[in-house]
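Using the sequences and the hints, build the whole thing.
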Amino acid sequence: MEYETVIGLEVHAELSTESKLFCGCANRFGAPPNSLVCPVCLGLPGVLPVVNRKAVEYIVLVGLAVGGEIASYSKFDRKNYFYPDMPKNFQISQYDLPLCDGGTVRIELDGLKKDIRLKRVHLEEDTGKSVHGGTIDSSDFTLEDYNRAGVPLMEIVSEPDMRSPAEAHAYMEELHRLLRWLGVSDCKMEEGSLRCDANISVRSKGETALGVKTEIKNMNSFRSVEAALACEEKRQIEILENGGEVLQETRGWNEDRCITFLMRSKEEVQEYRYFPEPDLVPIRVEPEKIESIRAGLPELPFDRQARYMEQYNLEADTAKALVQSRYFSDFFDRCILTYKEARAVVNWLLGDVSKFLNENNIELEKTGVTPQSLVEMIRLIDDGKLSGKIAKEILPEMMKSGEPPAAIAQKMGLSQESDESRILEWVLEALRESPDAVAEYRRGKEKALGFIVGQVMKKSRGQANPGIVNKLIKQELDKS
Amino acid sequence: MTKKITEEQVAGVAHLARLELEPEELAVYTEKLGGILEYVDKLQELDTEGIEATFQVVPMSNVFREDESRPGLSVDEVLQNAPERSGDYFKMPPILESEDAG
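These protein sequences, in sequence, are chains A and B.
All residue numbers for the first sequence refer to numbering that gives the first Met the number 0, where the first residue is 0 and numbers rise by one.
All residue numbers for the second sequence refer to numbering that gives the first Met the number 0, where the first residue is 0 and numbers rise by one.
None of these hints come from the bench; they were simulated from the model.
One or more hints might be untrue.
[Claimed, not checked] As a list, the in silico DSBU-like pairs of lysine-lysine whose alpha-carbon atoms are at most 35 angstroms apart: (1) A/Lys384 x A/Lys444; (2) A/Lys265 x A/Lys388; (3) A/Lys187 x B/Lys90; (4) A/Lys128 x A/Lys118; (5) A/Lys113 x A/Lys288; (6) A/Lys118 x A/Lys204; (7) A/Lys216 x B/Lys90; (8) B/Lys31 x A/Lys265; (9) A/Lys265 x A/Lys339; (10) B/Lys41 x A/Lys87; (11) A/Lys478 x A/Lys388; (12) B/Lys3 x A/Lys87; (13) A/Lys399 x A/Lys319; (14) B/Lys41 x A/Lys212; (15) A/Lys457 x A/Lys354; (16) B/Lys90 x A/Lys118; (17) A/Lys113 x A/Lys87; (18) A/Lys212 x A/Lys233; (19) A/Lys458 x A/Lys410; (20) A/Lys354 x A/Lys458; (21) A/Lys265 x B/Lys3; (22) A/Lys216 x A/Lys265; (23) A/Lys233 x A/Lys216; (24) A/Lys473 x A/Lys457; (25) A/Lys187 x A/Lys233; (26) B/Lys41 x A/Lys446; (27) B/Lys90 x A/Lys128; (28) A/Lys388 x A/Lys319; (29) A/Lys87 x B/Lys31; (30) A/Lys233 x A/Lys118.
[As the list claims (entries may be wrong)] Here chain B is said to cover these stretches of chain A; the calculated rule only asks that three of the stretch's residues, wherever they fall, bring their Cβ under 8 angstroms from a Cβ of chain B: (31) 20 to 32; (32) 229 to 242.
[What the hints assert, rightly or not] Footprint (simulated), chain B over chain A, 3 or more residues, beta carbon under 8 angstroms: (33) 43 to 54; (34) 294 to 300; (35) 324 to 337.
Even glycine gets a Cβ: it sits at the ideal position worked out from N, Cα and C.
This is the structure we're talking about:
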């Protein structure tokens with residue numbers, strides 16, 4: 000039988016605010032344990048939470064970017080559970096009145112575009128971090144660090160619109176790009192600032208009712224989202240093929256063994272007893288507020304990609320590569336402001352600049368190169384002061400040190416020499432020292448010219464402008 | 000009249016609140032909670048058609064703080080009420096990973 004896979008994702012992203020959601024503790028990854036904690040996030044008696052304005056604005060910004068409906072009236076709720084990662088024994092979240100309803104995220108896979116609908120986007124507080132002594136199965140104690148407790152967390156819930164693990168992967172990549180594009184989250188899966196749970200079921204092709212789903216947790220990279228879902232898809236199909244029944248349950252992903260494992264069955268499904276948070280007043284997002292946030296929306300990746308194709312006559316793949324991140328794309332835009340040859344900028348950005356980024360596994364914003372210095376380098380090539388070959392040697396230095404290209408060329412002794420009188424000295428010297436080559440050239444052996452050029456380049460330590468060298472050699476040889 | 004709440008439901012709620020009830024306590028609380036629910040029934044008689052649900056009785060909305068950070072407590076202050084301390088962590092009995100919030 001042929002099967003169809005149905006996937007919905009629940010994505011959590013920590014917002015990159017300066018402070019936590021309900022108190023003024025710093026929102027920072029990697030601080031010493033329990034050093035960013037106060038009576039509010041510790042849940043001490045008598046404290047009151049106060050909502051961080053920026054966190055709400057970030058959710059509204061994301062809601063507008065995905066075309067969702069911003070709730071005019073929204074509130075927080077308590078999600079009650081017994082687990083020590085929240086000292087209060089509850090998490091403040093949003094239950095029935097999220098800040099944003101609906102919306103879509105457009106993904107592109109193998110050249111095909113598809114809109115994934117969203118159920119909602121809401122705001123909640125992150126929990127503390129548990130460190131388990133021993134293994135999870137047989138740990139003898141748990142350690143808690145509450146630095147993360149109370150960090151603003153955005154939850155984005157999709158409709159079950161994805162039909163393959165690859166689509167789920169593409170959706171994650173797109174959310175990652177969008178949230179970073181908007182500047183609301185740094186989205187580092189390895190640091191846990193972007194996390195993902197998946198609901199997956201399979202059904203026979205053509206069936207419209209949904210099959211029984213399982214929820215998969217613990218996927219810590221884009222790759223593992225796809226791998227875990229592919230593995231679970233296979234497991235469910237095998238069960239159905241053998242006449243069995245998929246059970247509704249929560250399963251974990253074991254990265255090392257590449258298997259999903261049972262975490263809890265349907266009978267153990269948590270009952271969170273949500274109720275309206277009595278310590279927080281409702282949020283009314285006024286239409287004027289929505290409009291002022293909308294006014295701050297940047298041009299979104301897909302729109303910009305289309306603009307690049309139109310405006311600079313770029314191929315789809317090229318335009319897509321330029322909008323890989325907001326910084327990368329803004330960098331290109333800023334170069335174009337002062338240098339009109341888009342193609343040259345594109346070639347350097349997607350060529351040697353990207354090569355350096357990949358080889359060093361860093362992002363463009365972490366390097367020293369600026370739009371000004373890249374354009375300066377390209378102009379030096381245009382003016383014949385730098386050969387393309389030398390520019391390729393200088394660029395990595397620009398990216399490492401942030402120094403302007405001319406200074407680096409000078410320091411490395413790589414500036415191109417275009418002064419004809421200077422080059423002529425080298426040419427005359429080379430001709431004197433290579434009588435055999437000169438004789439061969441005169442006998443009609445064009446190849447001998449290459450040897451003489453090589454000699455000149457050697458004398459100039461590679462700095463002589465090759466065009467001028469060629470011109471001058473021919474000029475001298477044709478004289479006599 | 001039919002019971003508003005069964006002993007099984009009370010036992011379930013007690014478990015969620017991590018309360019251990021003796022059988023006789025279960026009977027007592029089933030009776031008492033039933034009485035409270037019957038009282039709530041009285042309120043249901045009111046016509047609330049067209050009235051928005053009340054989530055909050057404080058007549059305010061949009062109370063925000065600016066996104067500014069300030070130092071919290073010292074680690075020693077943070078941990079002074081911890082049942083047990085290990086380094087700068089709270090130490091507690093082992094917990095199953097599967098019980099965390101989603």
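Against the structure, the hints:
| no. | hint | in the structure |
| --- | --- | --- |
| 1 | A/Lys384 x A/Lys444 | holds, 31 angstroms |
| 2 | A/Lys265 x A/Lys388 | violated, 64 angstroms |
| 3 | A/Lys187 x B/Lys90 | holds, 28 angstroms |
| 4 | A/Lys128 x A/Lys118 | holds, 28 angstroms |
| 5 | A/Lys113 x A/Lys288 | holds, 31 angstroms |
| 6 | A/Lys118 x A/Lys204 | holds, 24 angstroms |
| 7 | A/Lys216 x B/Lys90 | holds, 25 angstroms |
| 8 | B/Lys31 x A/Lys265 | holds, 31 angstroms |
| 9 | A/Lys265 x A/Lys339 | violated, 61 angstroms |
| 10 | B/Lys41 x A/Lys87 | holds, 34 angstroms |
| 11 | A/Lys478 x A/Lys388 | holds, 31 angstroms |
| 12 | B/Lys3 x A/Lys87 | holds, 31 angstroms |
| 13 | A/Lys399 x A/Lys319 | holds, 26 angstroms |
| 14 | B/Lys41 x A/Lys212 | violated, 41 angstroms |
| 15 | A/Lys457 x A/Lys354 | holds, 29 angstroms |
| 16 | B/Lys90 x A/Lys118 | violated, 38 angstroms |
| 17 | A/Lys113 x A/Lys87 | violated, 42 angstroms |
| 18 | A/Lys212 x A/Lys233 | holds, 13 angstroms |
| 19 | A/Lys458 x A/Lys410 | holds, 18 angstroms |
| 20 | A/Lys354 x A/Lys458 | holds, 31 angstroms |
| 21 | A/Lys265 x B/Lys3 | holds, 26 angstroms |
| 22 | A/Lys216 x A/Lys265 | holds, 15 angstroms |
| 23 | A/Lys233 x A/Lys216 | holds, 17 angstroms |
| 24 | A/Lys473 x A/Lys457 | holds, 18 angstroms |
| 25 | A/Lys187 x A/Lys233 | holds, 29 angstroms |
| 26 | B/Lys41 x A/Lys446 | violated, 106 angstroms |
| 27 | B/Lys90 x A/Lys128 | holds, 12 angstroms |
| 28 | A/Lys388 x A/Lys319 | holds, 27 angstroms |
| 29 | A/Lys87 x B/Lys31 | holds, 28 angstroms |
| 30 | A/Lys233 x A/Lys118 | holds, 27 angstroms |
| 31 | 20 to 32 | holds (count 7) |
| 32 | 229 to 242 | violated (count 0) |
| 33 | 43 to 54 | holds (count 6) |
| 34 | 294 to 300 | violated (count 0) |
| 35 | 324 to 337 | violated (count 0) |
The structure fails to meet hints 2, 9, 14, 16, 17, 26, 32, 34, 35 from the earlier list, while all remaining hints are met.
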